[in-house]
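There are 4 protein chains.
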Amino acid sequence: MKALVYKGPGKKALEDCPMPTITNPTDAIVKIIKTTICGTDLHILKGDVSSCIPGRIIGHEGIGVIDEIGSGVTVFKKGDRVLISCVSACSKCEYCRRGMYSHCVNGGWILGNTIDGTQAEYVRIPHADTSLYKILTGVDEEALVMLSDILPTGFECGVLNGKVQPGNTVAIIGAGPIGLSTLLTAQFYSPAEIIMVDLDNNRLEVAKRFGATHTINSSDGKAVENVMKLTNGRGVDTAIEAVGVPATFTMCEDIIAPGGTIANIGVHGVKVDLHLERLWSQNISITTRLVDTVTTPMLLKTVQAKKINPNLLISHHFKFEDIIEAYNTFGQAAETHALKVIIQM
Amino acid sequence: MKALVYKGPGKKALEDCPMPTITNPTDAIVKIIKTTICGTDLHILKGDVSSCIPGRIIGHEGIGVIDEIGSGVTVFKKGDRVLISCVSACSKCEYCRRGMYSHCVNGGWILGNTIDGTQAEYVRIPHADTSLYKILTGVDEEALVMLSDILPTGFECGVLNGKVQPGNTVAIIGAGPIGLSTLLTAQFYSPAEIIMVDLDNNRLEVAKRFGATHTINSSDGKAVENVMKLTNGRGVDTAIEAVGVPATFTMCEDIIAPGGTIANIGVHGVKVDLHLERLWSQNISITTRLVDTVTTPMLLKTVQAKKINPNLLISHHFKFEDIIEAYNTFGQAAETHALKVIIQM
Amino acid sequence: MKALVYKGPGKKALEDCPMPTITNPTDAIVKIIKTTICGTDLHILKGDVSSCIPGRIIGHEGIGVIDEIGSGVTVFKKGDRVLISCVSACSKCEYCRRGMYSHCVNGGWILGNTIDGTQAEYVRIPHADTSLYKILTGVDEEALVMLSDILPTGFECGVLNGKVQPGNTVAIIGAGPIGLSTLLTAQFYSPAEIIMVDLDNNRLEVAKRFGATHTINSSDGKAVENVMKLTNGRGVDTAIEAVGVPATFTMCEDIIAPGGTIANIGVHGVKVDLHLERLWSQNISITTRLVDTVTTPMLLKTVQAKKINPNLLISHHFKFEDIIEAYNTFGQAAETHALKVIIQM
Amino acid sequence: MKALVYKGPGKKALEDCPMPTITNPTDAIVKIIKTTICGTDLHILKGDVSSCIPGRIIGHEGIGVIDEIGSGVTVFKKGDRVLISCVSACSKCEYCRRGMYSHCVNGGWILGNTIDGTQAEYVRIPHADTSLYKILTGVDEEALVMLSDILPTGFECGVLNGKVQPGNTVAIIGAGPIGLSTLLTAQFYSPAEIIMVDLDNNRLEVAKRFGATHTINSSDGKAVENVMKLTNGRGVDTAIEAVGVPATFTMCEDIIAPGGTIANIGVHGVKVDLHLERLWSQNISITTRLVDTVTTPMLLKTVQAKKINPNLLISHHFKFEDIIEAYNTFGQAAETHALKVIIQM
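Chains as they are written, first to last, in this note's numbering: chain A, 68 to 412; chain B, 68 to 412; chain C, 68 to 412; chain D, 68 to 412.
Any given hint could be a false lead.
Remember, identical chains collapse to one label, so a pair may be satisfied in a single copy or spanning two.
To be verified - Taking lysine-lysine and the DSS-like style, the derived pairs with C-alpha atoms no more than 30 Å apart in a straight line are: (1) K373 - K296; (2) K373 - K159; (3) K296 - K338; (4) K159 - K368; (5) K159 - K374; (6) K386 - K373; (7) K113 - K69; (8) K386 - K98; (9) K368 - K289; (10) K201 - K144; (11) K159 - K98; (12) K74 - K98; (13) K289 - K374; (14) K296 - K201; (15) K230 - K201; (16) K289 - K338; (17) K296 - K144; (18) K296 - K368; (19) K289 - K373; (20) K296 - K159; (21) K296 - K145; (22) K374 - K230; (23) K230 - K373.
Everything labelled a hint here was simulated from the structure, so no lab data went into it.
Isolated chain A (complex conformation) (with noise of 0.2 Å):
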């Protein structure tokens, strides 16, 4: 079959690779039907991430039809569409019983990390039975692969943990497709004011469209000052941080609210400074997550009453053939204004 290899630092091919199969009884193979390009999977191929090594298929979001299953599936047959969650979950360990399946000891996020991911026509998925959810009929699957990932990364890492309430004050600090999705489904708790700060204006005005009352460019340094003054100099109860920088996490502690949380979705490479010495005395939460998708469940639920349209998200479709060029439209966002691009098989 064909499939998408990391290649070692800077390098991928799609090339010809040996069908999975069963290792274990709990797995199954997916037929994969579409799948899509994770930020993480421009930083495995920049060779940031230690824990995939060259030679490994990447990709952890997609949604497929179930080829085979080992012996121990009981909740899938053959034939069965499927999502896939980036997480997989064996359901046994202390984690997975308390809902952290990112912690799961026997899984977590290993899909097109440490063993062979979605982008490729098949893909193995261990703890099949609690890694994978029943597409109904009737419903949009090309909107179901936003749930792989994405759609509750913004969810769970962001809103559900950022506390969203409604007629509280949001702000997003980070218009990519993390930060959009966000933007999506904090408004599942009709939050009064969601405020989207960015450096790029044409985000800025997706985020618009999405749904931000306010958007703000940083790029004049003023963007604290600004946020303060939509506030009358209370600050946002939530601040949400969906970009990973040092810069954008300390301004999340310079614009939060007496009472208000910090939830931290980006992917830090470095540490970042707490002003301890200002905030000690400030009632705040800071939270940090990687995705349990155990809210997938909830998050199907509200796709199939058109309570959100994680359509929005898509901004390209490319055939399976043309994954690299895939990869380069999504890789170049700035220019090709690329959210989420669905490769299609």
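Using the hints, position chains B, C and D against chain A.
For chains B, C and D alone, coordinates are given in the frame of chain A:
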């Protein structure tokens, strides 16, 4: 009347001051029966607290008897014996109505800070109806002095924010009076293990007596290693910072288990490093809080029911005329083994 | 001044009454701008509410302008435009401090019940600082009349108590003004399905327009069967009783899914059957609540931010001099299709 | 092997039965070391539990050692000592993933009910990986028999559902084994008062020894009056029903304070009266629950840490060959003062 007055950095005096008077209808004048000294008072005397200017009567803890009430006071009457809360709450502002008394826009921590305090024969208490608590007959009044500040601080900022639960593992960094209050109140929730970390063996022995299941002297630089050994490499569910310096906060970051909570109590003078490059994926929470004293009614019930013995925190007794000596004793805790000192009128 | 007076069972009159005066320093006199009629007012007029004696000016909803304040009022001043809460909260008692204003030992629902109410040119509001809410300029004042009682009732007793969540299935039994308020505020949390049950097709059509995803006319006795069909035999996550009779409460018991919540809003005159022989093992919750109006600040923000349009609830307008006609219209809702009627001074 | 078999209403026999065998890959065969008798077993023997048919080996509690595992079992191996949960959880269905194991669509309470149980030399445990718990060396194994059912039942259905909190007032109606388990686990949260109500003075004395602060013999019909006196007319924050008849549930309704919670544990055979005509405005919650055993890991930690002593619940010991005598003793608890009886293989 006699009162302890802050005379500028490094200076204090017990001197004659004018009697306080009702300035707002919601004020009460309380004749002090017992008061105590807080670590914050030492900071004020060093000149570290810029909001507190020379000439101020300090002190924000104590019990007393109502001497006079303003026309708007409806809950108390002359002669009532009362517990004084270190935080004054107007009960009307947005923050008070959210239970965040420490951020009350008409009060907060003002006593012995921006208005005259309790180390005096009489004190004016603003917003008396919601800043004082009636003392029931038969309750040990000395124990109640611990409810003005130190017990709610340990309980709210450490135990509640730290989400201490039955069966959990808790580490408290710092076995001073605040850390020990946290230790006492943590036991309301029956954690399986409470690990106390400090540099002082005497304090660690006190901690053992107060219910710590393990104590670690961190002077050998191996505290993190030892905590990880005790928890089989897993880390703790709750890490409570009760010192206020970067090294102890970093220790909390080093020992927190995935899914855990770091509850900061310490008053920090400088920023700390937040290792998001490691913690971003650990599903942790970090909380800060200035005590709201919103749990004072709950704590009063636990004292009345003898579920906690705050007297354990009292190491010394002084007469008010000897308050300077009391300060010396409290200020040299390493030598005197002072925890809290009761100053009796 | 003119006011609507309860004259004993079945009798009311618009008559001349003495102007209210400040009786406590925390009182305010409010000149009414707009008021409305509540279902409870009809109960009073029938003689069902024994605490309300003949001679009482009724009404507990409205907006107005501060005409005079007592010496203890600090939040408001003459000329402020205010929303009147149906519940008076002293902010000092145990219940107020726990956010249970409806059980305030110095207030609660007293307006138009045990003290004179708002269907008058002027009204005395006790505990004004914590029972009135400032109206911001630019907000639709007519919409705010719905925030005195009906919206917080639907939201607190139905939506919050019922734990409505994104993706969930909610049934609301009763599509009168209270049920419709619940329907509007339930949408703050983006449930997947809201099933509205009533006997009146007109009200069900209104419900459809207000956002119900399904409506069921229960007059054929098959409502339970139909709800179970809609939910594939599973039942609903939240069942909200908004009528107040045994049959509708029983319906909630019959449609609740394991793990679900029955939130009672209805005012019941007789006991109901609780089928514990069936429900004991179903892991359900049943809640009751008299509205606390503790969410009024949150609701004000959602109205200002246009996250909700309370005007939808307003079906008729009357001048105060025509209040008797307003009562006729509101009292015969089946024929007049009245929801809430605005009475304009 | 020998096993206790239900032979139809009123009949049971200790007889020879075929050894259980692995029927699903996720099964384990456990050799029983110790088991016990539950009140539910008495109901089965009376013929009250229609799902349990004659010929069934009963019993759903116990500890043992793994004798054989199916090919899909990954957590346990032959020779592991294990605690058996009374509830079997597949870990894959919607209810399991929400922590509602009692409603598992592939399990739930089936042991000694719809499949053969633990009052036997060997038992087949379905979904072994998520229905058994490893026993650590050094833990008192007899104490752990109490963790199969009775302690999680009291804790989950009574204490957690009842929201027991430090300083609160709790009433437990019924001082049988379930009520006493609730009493023991309620103390994890340090309530100020625990009032125990029963008809049997011996059980009330046991309750005193187990930590009840007050006991009330309700045989004089004045229990409600006495509870109200003890609480100064206020009622209790939490009322826990641990009997299962209308009179005791009504008592809970009569003593619950505004804002309180009634947690039902009792297995009811008939409906009860819910006095909504009085309670609709009292801001109370009523909860029901079949134990999920989702807190078993937490309870195991509290036993290991000696925060609770479940041995207190054990009144008698029998050899397995004397199980009929054990039933006689347990069934005549009023005379024998039996609480839980250990049956040793």
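Structure-based check of each hint:
Taking identical chains as interchangeable, the C-alpha atoms of K373 and K296 lie at most 30 Å apart only when they sit on different chains, with a minimum of 21 Å there against 35 Å within one chain. In this assembly of identical chains, K373 and K159 lie within 30 Å of each other by CA distance solely across copies; the values are 26 Å between and 33 Å within a copy. In this homomeric assembly, K296 and K338 come within 30 Å of each other (Cα to Cα) both inside a single copy, at 29 Å, and across copies, at 26 Å. In this assembly of identical chains, the alpha carbons of K159 and K368 lie at most 30 Å apart whether taken from the same copy (25 Å) or from different copies (18 Å).
For the identical chains of this complex, K159 and K374 are inter-copy neighbours only, at 26 Å across copies versus 32 Å inside a copy, given an alpha-carbon limit of 30 Å. With identical chains, the CA atoms of K386 and K373 are at most 30 Å apart within one copy only, with a shortest distance of 27 Å there and 42 Å across copies. For the homomeric pair K113 and K69, the shortest alpha-carbon distance inside one copy (22 Å) is at most 30 Å, but the shortest distance between copies (65 Å) is not. In this homomeric assembly, K386 and K98 come within 30 Å of each other (Cα to Cα) only inside a single copy, at 15 Å, whereas the closest approach across copies is 57 Å.
Taking CA atoms no more than 30 Å apart as the test, K368 paired with K289 passes between copies only; the shortest distance there is 26 Å, against 40 Å inside one copy. In this assembly of identical chains, K201 and K144 lie within 30 Å of each other by CA distance solely inside one copy; the values are 10 Å within and 32 Å between copies. Taking identical chains as interchangeable, the C-alpha atoms of K159 and K98 lie at most 30 Å apart whether they share a chain (26 Å) or sit on different chains (22 Å). In this assembly of identical chains, the alpha carbons of K74 and K98 lie at most 30 Å apart only when taken from the same copy (23 Å versus 53 Å across copies).
Proximity of K289 and K374 under a CA criterion of 30 Å is satisfied inter-copy only: 29 Å between copies versus 35 Å inside one chain copy. Taking identical chains as interchangeable, the C-alpha atoms of K296 and K201 lie at most 30 Å apart only when they sit on different chains, with a minimum of 21 Å there against 47 Å within one chain. Both within a single protomer and between protomers do K230 and K201 lie at most 30 Å apart by alpha-carbon distance, with minima of 29 Å and 26 Å respectively. For the identical chains of this complex, K289 and K338 are neighbours both inside a copy (23 Å) and across copies (23 Å), given an alpha-carbon limit of 30 Å.
Only between protomers do K296 and K144 lie at most 30 Å apart by alpha-carbon distance; the minimum there is 26 Å, versus 56 Å within a single protomer. Proximity of K296 and K368 under a CA criterion of 30 Å is satisfied inter-copy only: 17 Å between copies versus 38 Å inside one chain copy. In this assembly of identical chains, K289 and K373 lie within 30 Å of each other by CA distance solely across copies; the values are 28 Å between and 37 Å within a copy. Proximity of K296 to K159 under the C-alpha cut-off of 30 Å is restricted to the inter-copy arrangement: shortest distance 25 Å between copies versus 49 Å within a copy.
In this assembly of identical chains, K296 and K145 lie within 30 Å of each other by CA distance solely across copies; the values are 29 Å between and 57 Å within a copy. In this assembly of identical chains, the alpha carbons of K374 and K230 lie at most 30 Å apart whether taken from the same copy (19 Å) or from different copies (18 Å). Taking CA atoms no more than 30 Å apart as the test, K230 paired with K373 passes in both settings, with 23 Å inside one copy and 21 Å between copies.
Against the hints set out earlier in the document, no violation occurs for any number.
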